[in-house]
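If you want the working numbering, it's the 1-based position in the sequence shown plus 356.
Since the hints were made in silico from the structure, they are not lab data. We put the beta carbon where it would ideally sit given N, CA and C, even for glycine. Any given hint might turn out to be false.
Calculated cross-link-like contacts (lysine to aspartate or glutamate; reagent style EDC-like; alpha-carbon spacing at most 16 Å) [stated by the list, open to error]:
no. : residue 1 : residue 2
1   : LYS417    : ASP440
2   : LYS413    : ASP431
3   : LYS413    : GLU449
4   : LYS450    : ASP412
5   : LYS450    : GLU408
6   : LYS417    : ASP431
Each pair of labels, with its calculated beta carbon distance range [unchecked claim]:
no. : residue 1 : residue 2 : range
7   : ASP453    : SER422    : 25 to 35 Å
8   : ALA405    : ALA438    : 11 to 21 Å
9   : SER422    : ASP459    : 36 to 46 Å
10  : LYS413    : ASP459    : 21 to 31 Å
11  : GLU449    : GLY402    : 16 to 26 Å
12  : ASP459    : LEU432    : 40 to 50 Å
13  : SER461    : ARG427    : 36 to 46 Å
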Amino acid sequence: MVHFLGFIWYIIGTNLSNRSKLLEQKQEKLEVKNVEQNPLLKEIRGLSALCERVLDKPLDKTEQCSVWDRRPLRDLQLRYAALDAYCMLMLYEKCVDWASRLDLSINEICSKQEPLIGMLPLFCDE
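Could you put the whole structure together from the sequences, leaning on the hints where they help?
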């Protein structure tokens, strides 16, 4: 599911009015544009900024620095934790919408992206 972020970067970094160019490239692998070369992408730092750009709403980060080791977690902390995951679904739905408007298949685009390789801290073997 993370591969669709490449599609977001591609769409944000591309002039959507240039539909013919996008349709010509639909058979090619959609590359994530270099952030350093694209001032539009350079301003997007973090998930909240991405949500603001794509969904027109930033994430509420007021609980980010709260005390997370105290149990039970407060309702606002649970909401904050769930919001990060939920906004990814909202971003995905937006990408599906954009892809369909461009006559592209989001599944095809995602399948052509290079897999991300790395370990998540929560799942490290010790």
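Structure versus earlier hints, numbers of those that do not hold, lowest first
2
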